[in-house]
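Chains as they are written, first to last, in our numbering: chain A, 1 to 267; chain B, 1 to 267.
Derived by calculation from the structure, the hints in this document are not laboratory data. Mixed in with the good hints there might be a few duds.
Since copy identity is lost for identical chains, a pair holds within one copy or between any two.
[Said to hold, decoys possible] As a list, the in silico BS3-like pairs of lysine-lysine whose alpha-carbon atoms are at most 30 Å apart: (1) Lys147 with Lys17; (2) Lys17 with Lys214; (3) Lys200 with Lys214; (4) Lys17 with Lys253; (5) Lys214 with Lys196.
So you can see what is in the structure, the chains are spelled out below.
Protein chains: 2
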Amino acid sequence: MERQQYSELQKLYVEPKITLVGAGPGDPDLISVKGVKALQTADVVIYDALVDETLLNYAPKEATRVYVGNPSGDENFSQATVNRLMVDYALNFGHVVRLKGGDLFVFGRGYEEVEFAASYSVETEIIPGISSAISVPGLQGIPVTHKGNSESLWILSGTDSDGLLNSEIKEAADSKATVVVLLGFEQLNEIVSIYKKLGKGRLPAAVIQNGSMKNEKIAIGIVNTIEEVVEEQSIDNAGPVLLIFGQAVTLHKDFSRILNFLEQENY
Amino acid sequence: MERQQYSELQKLYVEPKITLVGAGPGDPDLISVKGVKALQTADVVIYDALVDETLLNYAPKEATRVYVGNPSGDENFSQATVNRLMVDYALNFGHVVRLKGGDLFVFGRGYEEVEFAASYSVETEIIPGISSAISVPGLQGIPVTHKGNSESLWILSGTDSDGLLNSEIKEAADSKATVVVLLGFEQLNEIVSIYKKLGKGRLPAAVIQNGSMKNEKIAIGIVNTIEEVVEEQSIDNAGPVLLIFGQAVTLHKDFSRILNFLEQENY
Chain A
1 MERQQYSELQ KLYVEPKITL VGAGPGDPDL ISVKGVKALQ TADVVIYDAL
51 VDETLLNYAP KEATRVYVGN PSGDENFSQA TVNRLMVDYA LNFGHVVRLK
101 GGDLFVFGRG YEEVEFAASY SVETEIIPGI SSAISVPGLQ GIPVTHKGNS
151 ESLWILSGTD SDGLLNSEIK EAADSKATVV VLLGFEQLNE IVSIYKKLGK
201 GRLPAAVIQN GSMKNEKIAI GIVNTIEEVV EEQSIDNAGP VLLIFGQAVT
251 LHKDFSRILN FLEQENY
Chain B
1 MERQQYSELQ KLYVEPKITL VGAGPGDPDL ISVKGVKALQ TADVVIYDAL
51 VDETLLNYAP KEATRVYVGN PSGDENFSQA TVNRLMVDYA LNFGHVVRLK
101 GGDLFVFGRG YEEVEFAASY SVETEIIPGI SSAISVPGLQ GIPVTHKGNS
151 ESLWILSGTD SDGLLNSEIK EAADSKATVV VLLGFEQLNE IVSIYKKLGK
201 GRLPAAVIQN GSMKNEKIAI GIVNTIEEVV EEQSIDNAGP VLLIFGQAVT
251 LHKDFSRILN FLEQENY
């Protein structure tokens, strides 16, 4: 009886904490061991559409699971709503794990969530994830850097904070860097035009949807053909899409076959 | 007795396989669950100086552990030697896990190792790691991208394949991207000069040594002061060092205090 009373008291005394965990590109086994340990001590898990739900099994049975949709697309769950939920749950229940697809910091808005929590003096911890910008091409056999082939990597989002085409893409297209564009599927046509204007219509290019997941799709070609191949492969915006431009794409196992075909067809 | 003979026979029949595992930036808990699972089925683990040795405990007791030094600095273990060891062990012992610091593909030379294994028709699997280029700044409270502050990320190595200053750094310094330089500590002075020549002496900058590890060190300042702060903080080349240039550094919790000081001192 005494023990039960003590445990009731404990419940009243909550130590709020928010742990941001990057779940990685999609394959649930690509989460870090540290991320799993955080989930195992969660009182609440707040997760979004990019997260594989099997990861929720790491959390204790009694932990509350809160789904917050697709933060960049779902009007029901704006970033402000997610921020508020995170802090509310932490203050009332204790340890909140905010489980996010990706790495947290490359267009992941992780800093915004940490900043908001800090403004309520809630302790925060950061557990980064594997970035899709690097790992998704790598898993497909396209190393984003490779000695003598590609000596740097420029990662951009398709749009700027006003939702317009990211103006830095033009500079990136003009550089020798491997260019990886996230959140840019709807800008593919505009980006292809930029490369063509720069005389780079024969630059190797690839588009990958649902990288590291079972329903992964890939289109490989050159700037001049990539939109056609994307259509052939039925790649769409349902699930994360990543664009890659640069010599690194030549290292994909199918590229030389594609190049032969293009040469026969006089592309 | 019969069982023992069968097991001897099994030993003779080896299925060679090489799994490349990115161990992440340094903290051993930042390895992926998939990386741990690979280690648990390893017959041989080949690891280098950037890997925390506690990770070797995931491998079976009877697995062979092979240390190959610092591949970029140690003459006893050139990349060619590591490649050869990997294939030799796989052909003779079965499942080789090649455990590498970092993510595998950002100056990690992962592709070279896969290519070499493939040339011997050895099956390979890739398990990417968390990239230090993104996670190390993030863990320090410097998000490599942040809405309205930094809209892209350019990752470069300090030197090109000839060991000279990477010529792309000048372009990167001239861009609006957050610039992260890996393997560039010895080029810090040259890189600072490039920024100064571009009139960017007041651009925020940071240098981090041993990111995510217990002996982590950080220097925060602006281009004009960063070399001085690096010296004050006794940052050296013993352990991985990463340079960051860009507005993203202003988001570090100490930056505003540093800025006030610089303004008082008329920097």
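Comparing the hints with the structure gives:
With identical chains, the CA atoms of Lys147 and Lys17 are at most 30 Å apart between copies only, with a shortest distance of 25 Å across copies and 43 Å within one. In the homo-oligomer, the alpha carbons of Lys17 and Lys214 lie at most 30 Å apart only across protomers (22 Å), although the nearest pairing inside one protomer, at 34 Å, exceeds that limit. For a Cα distance limit of 30 Å, the shortest separation of Lys200 from Lys214 qualifies neither inside one copy, at 33 Å, nor across copies, at 46 Å. For a Cα distance limit of 30 Å, the shortest separation of Lys17 from Lys253 across copies, 19 Å, qualifies, whereas the shortest one inside one copy, 46 Å, does not.
Proximity of Lys214 to Lys196 under the C-alpha cut-off of 30 Å is found in neither arrangement, the shortest distances being 33 Å within a copy and 48 Å between copies.
Figure legend: structure checked against the earlier numbered hints; hints not met, in rising order: 3, 5.
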